[in-house]
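Asker: Sequence order for the protein chains is V and P.
The opening residue of the first sequence carries number 1 in this note's numbering; numbering runs sequentially from there.
The opening residue of the second sequence carries number 1 in this note's numbering; numbering runs sequentially from there.
Quick caveat, the hints were computed from the structure, so don't treat them as lab data.
If a hint is listed, it holds; no wrong ones were tucked in.
Per the computed footprint, the stretches of chain V lying under chain P, defined by three or more beta-carbons under 8 angstroms from a beta-carbon of chain P, are:
{"hint": "1", "stretch": "51-59"}
{"hint": "2", "stretch": "84-94"}
{"hint": "3", "stretch": "111-124"}
{"hint": "4", "stretch": "146-157"}
Being a predicted model, the structure only gives us computed values, none of them experimental.
Glycine residues also receive a C-beta, built at the ideal position from the N, C-alpha and C atoms.
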Amino acid sequence: MKTAEEIFSILKEKFGDSIIELKSDKPVEPFILTAPLEVDKISIYLRDNSELLFDSLMNLSGVDDANGEKVKDENGNEIIKGGNLSVWYHLESTKLKHKLTLKVSTDREKPEVATVTEAWKCADWHEREAYDMYGIIFLNHPDLRRILMPYDWEHGYPLRKDYQNPEFYQGMKVPY
Amino acid sequence: MALKTEEMVLNMGPQHPSTHGVLRLELKLDGEIISDVIPHIGYLHRCFEKHSEAMTYPQVIPYTDRMDYLASMYNEFGYALAMERLMGIEVPERVEYIRVIMGELQRIASHLVALGTYGADIGAFTPFLFCFRDRERILHLFEITCGARLLYNYIWIGGLSNDLHPDFIRLTKEFIKDFKPNLKELNDLLSYNAIFIERTANVGVLPPDTAINYGVTGPNLRASGMKWDLRKDDPYSVYHKFNYEIPVGSGAKGKIGDCWDRYFIRVREMEESLKIIEQAIDQIPDGDVTSAIPKRIKPPEGQIYTRVENPRGELGYFIISDGSLNPARVKVRAPSFVTMQVFPELCKGWMVADVVAILGSIDIVLGEIDR
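For reference, chain P alone in the conformation it holds in the complex (with noise of 0.2 angstroms):
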């Protein structure tokens, strides 16, 4: 008598530590493989694009914040970026400077919880407790700079809040200091780990051109292999004044655009931002950084979209006015939305195990798929 099998359905979430969020995934299993997998999102759904109608343009950017509250400075970035150009704003180059240093220290901070978390998602936990300590010193630099750790709203259309605390540069330089040997630890303790390269090389293999087409950008896309990065290819601010590399996916450990490249990329873009930062803060001018903040902000009618480069990939903002002091809509072109889609083609064929190594490389942000 033949053996009787069938499909079993195993739902993976909402509630798991290593959905990063509530995230249910409907897994479709053949045995312990992976025939299909189906996301379920939608569990953090606060309609943030419903409430910015209600606001008006300065009133949006705290909402921004919450989208991803892992890189709540880009966010804000990019909204500002947006209205900039939509009112033609010019922006003291002080400004400039100091939005860039903050960019860059999120995307160090929002690396750090990406590769802590996909440590202990894979079974290391020691790396997580060390990637939360320097995380920490950048969350401090912000809260004395703008009084808040997570949200921020710092960055406002036309200039910042307030200018930066007198200890911010010493402190930044200390933390620099600190921080790179920090790198070669975690590198020693996990990226060359036999065992984690074991977990993760080889597996999730994601070809540029089918990236390409479904959407991905920021690290997954440059992990395959594609050297694909808007501070380079669509300048905005005055990312063009430094010197810095863009990092690509070498498959050093396995094939090209597996999950260990797509976890060693954010290595590499820490070691880039420290560069950047280091060059930003030697060069920064002096300024009145509120001086070019419009007392009324009333664009003209008329549509944008502006994107930046925000730690997860291509963060967009697509804002209709109708010429009144309320955005008509605004849409958020989430990189983590985005970059989900490509999920289940990423899955098929490997193991229940491997969903939790896949679905950890490629970093998403919940509050932002559900908005």
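Next comes chain V alone, as it looks inside the complex (with noise of 0.2 angstroms):
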């Protein structure tokens, strides 16, 4: 059993710069801040590692911070330019019974995080589900496609904050 600031000192040992920082100024639950890109690297390690065993992957969630600009585009609608969409990464380990909240914060121009379907296949249809509704990259992803939302979506991604419902989708009116 070891606690957030404990697991977050053995990963900054072994990562350097990819474990940004440790949060726990908000109030309930510490989170740490990791690179994208060093993501998969920290996750097979996190399972692996016989101090930390976190052999279960309890969630994983896509989330639209909205920090970026509002801007208006040209039809007049307000969407959001610059900022972050973030995945977090609920862990827990089985045998010693810790648990262990990650994020990643990824640029909303080019969304890119590594997936982490090798240490938990678990995360595939999360990570699937990710992609669907905030249009996260997750890189060697097995089988990213659209999960929940048709295959043949095209009208961008719907949980982003500035998502616009089209107004036709197949040729039928959407908002009737």
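Given two chains presented individually in distinct reference frames, assemble the corresponding complex, making use of the accompanying hints.
Answerer: Following this line, the structure appears as structure tokens:
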């Protein structure tokens, strides 16, 4: 059983700059901010290190931080330029009974995160969902397709805060 | 001349009685042997998470009902618990007891549907009727409590919408008394039925390490021999006050983690739930169930991940608050959504008829997968 501080120092020693910081000032849960393109290596280390043994990924969630600049596009709709999309990982060790929250932040204009499916198979659909809803590209994911939305959906990513409903989908009027 | 063979693709669903909802399975067949299964989900997608962002926190609760519509009480329970932890609300003890009673009744009702429809999938129709007869009693208990049979909006942040009906305790005791012999009847009729065992034992074996890696939780994980139940392992509410066992799969009719184990674990869980309800209604304290409900629900800025042991496994709520009246993000870790990923692994090498047996045994609810 390890606290977030102890896990943070173990990771910091191993991965250096890829582990950005431990945030525990907000209420409730501390989390560790990591580099989006290194998270695949970090995940395998977290799973296999005998002191950590994070064998289970409880949850993986994409989030739109909506911290960019709000501007109007040519149709007068408000869209967000710049800022971040992020992915949250909630891990647990069923053997050592400790938990960990990881967060990666990626660029909204080019949202790329390394996949963690190699460490935990259950990340597969969660990552597909995050791709489907936020357009976050998970590099080296085995099968990155839409999952909940139709496969031929071409009108963007619905859970982004600046998402606009399309007028038509396959010739059908959408806001009916 | 050698016989020409080729892979055949068979679509099972979206409308198929044993897919338990609207699910399409793309089966790749070599003769009658399954070489791969690709599940296609999303037919029931209602954008729960997007809706939540437009609602205030209490308004989200009726939406959570509509995810796992066979276990609505537990969905509300999980959401209310997450919000209470985020806001630091202490809930009166009576509320906790009522929530546990409702949660366990819901678990029995949900498992009865799982077992009944599983029997119907395999070809035994009578147990289905028996299970629904008993479930009806539980739905009646819910109906006198909150007026709704399936979608309750009963458990609120900080409390409950109203107190128990004066007849509730008496009717629950009667239900428990009547239900115990019915459980034996179900066992005689279905669980130990030779044809049923023939169809389910040794089929679709799920080893525990595969299960954990795929994120399988709840009865399906316990059937694989792993003793893991959030009511014991990550305790919440007042579950620590009751005596009950966590049943695990034993491979009594075949191998550990086969379809029969996954079926029978649910029968045994119902017995344990009855124990919890019996103790809870004996110990239930007095109190006001609405006293801790905040007038204005405006949590501080922050994020929380809270999970509960839903009838189908670990139901998690990841809530981000930006300090306003609406959630900035609500992500639901739906147990069926995660469990469904292991399904292709379970099916490989089995026959088409076994797909039905395996799918029924993992007990999915499509409303929760698609949200």
